[in-house]
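2 protein chains.
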Amino acid sequence: MVKDCNEISNQALYIGIDGGGTKCRAILANAAGMLLGEGIGGPANPFYGVECACNSIEEASIKAVADAGLPSSKLKDIVAGVGLAGVNLPNLHRELCDWKNPFLEMYLTTDMDIANIGAHDNMYGAVIIIGTGSVGYVNTPSNKFMLGGYGFPISDKASGAWLGLKAIEHTLLVLDKFKGSSLLAEKICEFYQINTGIELSEKLVGYASSQYAKIASLVFNCALKGDEYALEIIEEGVEYISALANRLVEGESLRLCMIGGLAKYWRSRLNSKTAAYFSDVKQQPEFGALKLAIRNWAKEDRKIA
Amino acid sequence: MVKDCNEISNQALYIGIDGGGTKCRAILANAAGMLLGEGIGGPANPFYGVECACNSIEEASIKAVADAGLPSSKLKDIVAGVGLAGVNLPNLHRELCDWKNPFLEMYLTTDMDIANIGAHDNMYGAVIIIGTGSVGYVNTPSNKFMLGGYGFPISDKASGAWLGLKAIEHTLLVLDKFKGSSLLAEKICEFYQINTGIELSEKLVGYASSQYAKIASLVFNCALKGDEYALEIIEEGVEYISALANRLVEGESLRLCMIGGLAKYWRSRLNSKTAAYFSDVKQQPEFGALKLAIRNWAKEDRKIA
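Chains as they are written, first to last, in this note's numbering: chain A, 1 to 305; chain B, 1 to 305.
Simulated from the structure, these hints should not be mistaken for laboratory data.
In this text, all values refer to a predicted model and were calculated from it rather than measured experimentally.
We put the beta carbon where it would ideally sit given N, CA and C, even for glycine.
These stretches of chain B come out as covered by chain A in the derived footprint (C-beta under 8 Å, 3 or more residues): (1) 85 to 97; (2) 160 to 172; (3) 196 to 203.
Make a model of the complete structure from these sequences and hints.
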């Protein structure tokens, strides 16, 4: 995406960054939101290393700038909006703020916040993000809070990791003959190519939440085929999502979106009352991050030199 | 415990070792089972490092030998019985067997096996071990199997880590107002000195199962005071232990013991039918390990030089 460099280099430029657990997306745009370049970097979940996250942010940003035909030295003139998991934790927030970042200015917020801004395209609203983890988030002039999202294994009901854990727990009880056999247990054994509880536990030693999440779709598939235990797990997830949606909207006519890798699975399982809460996502999180950068920089009433 | 060295040094000597997650116990005895020395070493759960476990076994053994007034070089004439968690997993078993151990001979088995031998003093029987983890184990001429014990967070219902996790899950739902307040949630917040879900999750980042287990007794205390949620958790644990006891004994009049840090709590909560299954423990696991060493060495019909 190479533009005329002279034309671009005199504009006020902004980068929007969505740092995820597997990759980091960066988009470069001007103040009008016109997309000029894109870049992908490595993992940027600061839970698994602040330095790695910072490197990935810089990597993705340099690629976005290069994509627009600009040198990496240009970053020092660019205002960045960055959304990262975990920066609502004071310690991680502090560490990220201490980073000598390459930008003119960096506005740091949570992955939830940029997803919310993107989903509603700058309008106020709430989001339920369901991928490896799950969280509910609302941000309006009168209300700003999160529900769930405290991580694996203590929280994040209905998330991919939660589904995976429930399926594994069930499979071990079947293998120990505390429960009768089930399609779900069969599919899990097939997936891991194991026959005993010991073999299964050996496969899972040191497993991170993202690895449990890999089997989440098996639970939905078995539920579709009528497996009783898969249906029980899905029902518990649906109940939680319904309660979460209720709590986020609390009677207000607030815009609510569900996003993340499992959103499409869950939306198809909701009852019509809960399903009616949800609107479609307007833009992806990296666009939310971009909007945050443009908006906050304008508020500060400054001009890029 | 210093004896006459000359007298001891001509006897056939045996060491029994119980390697646990926080420490490793070693006892030294002669073929008649007369206790000659004791020693404690560091953590010896091979899950958290095979080298560390081996070092702790050697450390505890050297101390036991020194306690009997013998030099550490004596280990090469001693037959050891060693019980360790996780050595039912083929990979860990192999690694431990590859260890150039300091003994004349080393018989390696699981922590469950030595607990079982000790609990029934060489008779056949079954055990339910409930501490940080939980497992059921039976070993008779016709039956040898384990139930549960696959580790945290996928298994080990009724264990300390399971109780802790359940209590934390409950507390986060209370803090998010998905559930009404409870004594249990209050006590957990007090224990961790926190007021919000974020603060609680921050305390738990990177928590190992043993750290969840630290709050297990809070659940029992709150149940004693009638807290509804604590009682729910305890009830689920009791159901599991009852099913486990049934499965281990399966109609046979097999001796069954419950051991581990939480045994006394659980035994007091069982209904009279399940409680009637249980006998008292005869000896501690390290004595089981010692018996294993003496028995296996005798079977091989060899003599210590």
